[in-house]
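Student: Spelled out, the chains give:
2 protein chains.
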Amino acid sequence: MDPQPEATGQPLSSDEIGLIHAWWRAANYLSVGQIYLLDNPLLREPLKMDHVKPRLLGHWGTTPGLNFLYVHLNRVIKARGLNALFIAGPGHGAPGVVANTWLEGTYSEVYPAIGPDEDGLRQLFRQFSFPGGIPSHASPDTPGSIHEGGELGYSLLHAFGAAFDNPDLIVACVVGDGEAETGPLATSWHSNKFLNPATDGAVLPILHLNGYKIASPTVLARISHTELDALFRGYGYLPIFVDGEEPDAMHRAIAAALDDAVDRIHAIQKAARDGGVTTRPLWPMIVLRSLKGWTGPKIVDGQKSEGFWRAHQVPFTMDKPEHLGLLEEWMRSYHPEELFDDGGRLRPEIAALAPRGDRRMSANPHANGGALMRPLRLPDFASYAVPVVHPGESDGEATQVMGTFLRDVVRENAQARNFRVFGPDETASNRLQTIFEATDRSWDAETIADDVHLDPSGRVMEVLSEHCCQGWLEGYLLTGRHGLFSCYEAFIHIVDSMVNQHAKWLKTAKEVPWRRPIASLNYLLTSHVWRQDHNGFSHQDPGFVDHVVNKKADIVRVYFPPDANTLLFVTDHCLRSWDRINVIVAGKQPSPQWLDMNAAIKHCTRGIGIWDWASNDRSGEPDVVMACAGDVPTLETLAAVSLLRVQLPELKVRVVNVVDLMTLQPNSQHPHGLSDSAFDALFTTDKPVIFAYHGYPALIHRLTYKRTNHQNIHVHGFEEEGSTTTPFDMVVRNHLDRFHLMGKVIDHVELPDSAAAYAKQTIDDQLVEHKRYIAAHGIDMPAVRDWRWPSGA
Amino acid sequence: MDPQPEATGQPLSSDEIGLIHAWWRAANYLSVGQIYLLDNPLLREPLKMDHVKPRLLGHWGTTPGLNFLYVHLNRVIKARGLNALFIAGPGHGAPGVVANTWLEGTYSEVYPAIGPDEDGLRQLFRQFSFPGGIPSHASPDTPGSIHEGGELGYSLLHAFGAAFDNPDLIVACVVGDGEAETGPLATSWHSNKFLNPATDGAVLPILHLNGYKIASPTVLARISHTELDALFRGYGYLPIFVDGEEPDAMHRAIAAALDDAVDRIHAIQKAARDGGVTTRPLWPMIVLRSLKGWTGPKIVDGQKSEGFWRAHQVPFTMDKPEHLGLLEEWMRSYHPEELFDDGGRLRPEIAALAPRGDRRMSANPHANGGALMRPLRLPDFASYAVPVVHPGESDGEATQVMGTFLRDVVRENAQARNFRVFGPDETASNRLQTIFEATDRSWDAETIADDVHLDPSGRVMEVLSEHCCQGWLEGYLLTGRHGLFSCYEAFIHIVDSMVNQHAKWLKTAKEVPWRRPIASLNYLLTSHVWRQDHNGFSHQDPGFVDHVVNKKADIVRVYFPPDANTLLFVTDHCLRSWDRINVIVAGKQPSPQWLDMNAAIKHCTRGIGIWDWASNDRSGEPDVVMACAGDVPTLETLAAVSLLRVQLPELKVRVVNVVDLMTLQPNSQHPHGLSDSAFDALFTTDKPVIFAYHGYPALIHRLTYKRTNHQNIHVHGFEEEGSTTTPFDMVVRNHLDRFHLMGKVIDHVELPDSAAAYAKQTIDDQLVEHKRYIAAHGIDMPAVRDWRWPSGA
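Residue numbers (this note's numbering), protein chains in the order written: chain A, 14 to 806; chain B, 14 to 806.
It is possible that part of the hints are untrue.
Where chains are identical, the list cannot tell them apart; a pair therefore holds if satisfied intra-copy or between any two copies.
Claimed, not checked - Straight-line distance between alpha carbons at most 25 angstroms, and here's what the computed PhoX-like set of lysine-lysine pairs gives:
| no. | residue 1 | residue 2 |
| --- | --- | --- |
| 1 | K700 | K719 |
| 2 | K565 | K523 |
| 3 | K283 | K773 |
Hints were generated in silico from the structure; no laboratory data involved. Nothing here was measured: the structure is a model prediction, and the numbers come from that model.
Start from the sequences and build out the full structure, keeping to the hints where you can.
Tutor: Listed below in structure tokens is the structure:
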């Protein structure tokens, strides 16, 4: 093992330490001020209850550690001209992060109402955790932030996402020791196997081991040094430990550690970039063991506070008069009079510690990724079209076709290095393997001779962790790049909560005037519920769409392209969009192709429409509307229509296909929603609508309950009946098959009794034959397998 | 560091190895047979295409490794009389697990149609991944399984959950190296800090390092031995490595490793139980590095198969005639004629390797936990009642009261040791701290003098990982015990996908005749959306309920008790239930108490009802129905009603409170659903219903769209407008506050224009005053803070 390294930078002078210590005191002072004070920000008069917020919210515990790291990072940034981002992983770190951005001047630049003076300080203090103000996390309104840190576990993933393809960037990522207990964080240390030192930037993880969560010790703080050291060496890092509580010694130790870490990072990058070293390097990381609530009150009401979990939140409330003195004593211990001038401005010798302009972490343009974003170069999607002479006459594999398009997206943007594809070891399984003609899987761990498509420079990010895929992609997008996450439909639920948080970030960021739009988060959900017949019930869940539609309407889009050409259109559209979460659900199995490219463009542009070629209502009023959303429901609907055409040739059937699910919602609720009149024109106001839907039926009701004809809409979809069985049996079990759809039509249209009875008998016979056939042969009966849309129809 | 240990068991004799090897061959043979064959199970005639399944599904890659471990575990179980469970973490391990359960005889015992003979073998082969048959995971129909392994990442958590409070049990948990990349698995290694060697059983993790996922190498297979060793030592284990491909040597090596591991486990337990050792022990774990698809075809179509990812699934399909010979050669390489007698029965000398009766891992009663489950001893919940003389006159903290009840549940079941409470460091934050009067937090890592409520025997499981809480609890329930998971409402989404999988397990297990019901999975979601005003938008998401209602109706229950006494009733009810997922949403903040215990019992028993004391429709037809579900919506509704009473005394208002959300669904869809006539009796058929709901409004529409009066139901709920603000401003931002509810009433009832205008003006004035007040003071205006239900009303 590599020995504990020696520091290689110059030791700090006492003057330097004094200034750094002054900045730290200032940041700590501002942090306490934000948590406690409404007024009297510089304590120019004795503190009174009137100066204190009536409702104390916020968290002190992690803040002094963040402040300590921030000023020391500034020192190395300035000394070495680094291009660095700061990610605050611990929850509720905003008092510290905001304090530093104010001290750097950035906060007042982007929010002129909060100036770099006493009045600005008053506003700064007041707004924190105050109605109409800012939250206690590094939310989108925080300059320099790409990571809110409200829900814990994703800091390191965001850091790596930011570092990919930014070779000059160093992302300093503070990981809380509470956060470190989460699953996503625990696996994200392995991101170092997916980072290329030649073409990516560096992540410097800093585990902030302050020992406690809300009310308990943390696991990593209560294992031996030997275990802790082994754990991070096992993860592939060289841990550099900084441990203590005496400020002077700690300033020296952290400075040496940062110098050492940056030296190592530069040496690694030089070896890879100039020396052609291709083996995975031993990246440095820092373990900072410091007191929770460091520099705060040691004892409150007779109980230990500094260095204990009681310092986690607000160390004391103001319900006791003696706490006023405690607060004043605490705040004065930072000697604000030495830090701010008479106007409340940070003294210039301290302010000079900040890097200049964009080199301030709070002003780094990577943290406002939209400002750096360049649109993707996209090849003409229409040139990848599958030929469709007659609807349904030939089969195609939608995602395979999309893969060819994506291959060329990779190629077109190879030089810009701003597009990556993410997925949990499923790129090939999801039939996107043509991408591998243009690039490989990113891989910086060991390789053997038999390996294929592994390369440190690969642009396909595969790891068996949906959390990693999602977190990396978020970090990549937030720093101004583009990407696509392809996933098995059922397992995208693994990142439900991450999607929530990203949606919340997007919503809030749109309200921040200086934030620029970022590229959309695009999902391809394939290997979907209807074709997991070989993987069984555990792989069958179409509920992610239900989850995302709870998010704000201007953020969420959901697409169900029924074939390859529509998928091409939708993919192109999504890759051009911004500030959205786009969910595309599409199959990977060979299935009939319905629309040629012209028809696909027209259909997708509207998002919903009547398929005239499949309808026989001659643009008049139909007897029944057969609606469908999703590739399998479309197939079953058309099969039902073709059978009805034979059985009940007089019946006027209209086929409506839905690509853009949001068209179903009223336009008052979603910008893509149809007007009521447009909806009525498609679905009629009184005819039965048999709606075959890809997912849980309730969603269609939820989207359409306000429509005129809602009471006549009958939805067939996934009824949570899954198994290992044949593809057709899957739809039969959930009553989404052609026969049950036909049966529902017959139940809801007016027919002569004899015709209805005959048709029902035919259906029942077919279902009995289906059961018999699969039990005997284990595959679907020829009548189903060989069915094709009649070309003369 | 502890040196690599020496094996302490007796070396295997050649005869023993021969028999073990024969079992392994038999299990591998049965695994291949399940994947490929329809008929000719013992290859009594030359293999023909007709004998092969027309559709080949299944996974071979991990199977030989599982089989290898299974037979060797059987050896130590028999030799030492162990009580052991087997958990197959790698995906698609069913062919192996099922093969071993058939070889042990258990499969034929529970499924007599699949006998221990040639005909049984034929059925066994045929049913695998065949319509109406069994899936490729160790699903509930697999004897001995408590872990399906369809969605990866939870094996080790289930193993620890099973081991808690089962001091005699050893849970052998095979972790796939693909699975090991997931977040939940990566953090679950730390479960060893929460296991008490004195009173819990042991988990023996076996990392199955076969090198590949679907189409890529795995991370842990491609780091150095030094890093791998360090990683597991860092996690607090003593890794024992078994590495190779030559069967004879591997049999000896794994036997020695298992002997060593079991010796160490017993030594640890003895030291803790007899010697009183309380420091966390160094538990052994095994790293088995073996070939993917071991013993399968080495080369297929000129490409490497055994020992490579191409062996992951079906190593070859039957699309080429020469593959028939390849398959026959492969299967005959196991020499079935040496393994099975003329009747197709496993030869007795091989069968004798299996442990007897319940000691077979496939017959271990812990894996059919319901069979061992004893109901909880529950104190009389009514004795914890909060006194309520007049509705709303006094405040109470619902979860605090529940905590007192739970404290006594812990006490009553202390001897049975079958109840635990789980939560991500939030038990106290969620105001359940009274539990700590009865027990402590489980903690087997280091402690310091200042620590409080940490104990290796603690029954409160806290770790900052919702995944760990969920996975441990699932394992605990599946082995016949009881528990409750208390969580911040927003962050329960972290385990959305785990809940899916558990719901699927419950649904399938109910269809397995020999599985007994297990205790329900109970959630308390508190620190909910309406009182996260201090934590901000990231902590505000009530969508978990939307997620769970997609699951089967007979599994899901959702409760919104509006106060402490109703929460007591619901908690008691949930702790008595089985085979369900119960979601309880309740607040932790001081808020008005509405119902005394008698009224609470009546109200909760029905699940929904008119609050006569709050209504003034004198049991006649109301002008408007004010419905509410959730504590904050109930408060705002009653405040609106009390204001309406003053403003519009003539208006007849009916108040309906919903505790059991599922009552809203038609009884055709959910067993708790009201009949249409009962629903109409509450909600009328034509009067406006202003429904104040805790979560996303769409859910109420989704549940009620079939009801007669649906078009008049207007739902107010969370509109995804969150922030750090005051409690009342949170409801105002989402239009769930008393004033907006009043406004909606006025919009939908017939009133003289002047009365309506006056009332509207009053509302507007109040909302303006609200905004002004919070901007000035940062807290809610007195009119809101001091509002109480008028006791004379």
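Student: Could you run down the list of hints and mark each one as holding or not?
Tutor: Now for the hints, and whether the structure bears them out:
In this homomeric assembly, K700 and K719 come within 25 angstroms of each other (Cα to Cα) both inside a single copy, at 16 angstroms, and across copies, at 17 angstroms. In this assembly of identical chains, the alpha carbons of K565 and K523 lie at most 25 angstroms apart only when taken from the same copy (12 angstroms versus 38 angstroms across copies). Within a single copy, K283 and K773 get their C-alpha atoms no closer than 75 angstroms, and across copies no closer than 70 angstroms, so neither meets the 25 angstroms cut-off.
Going down the numbered hints, you'll see the structure goes against just number 3.
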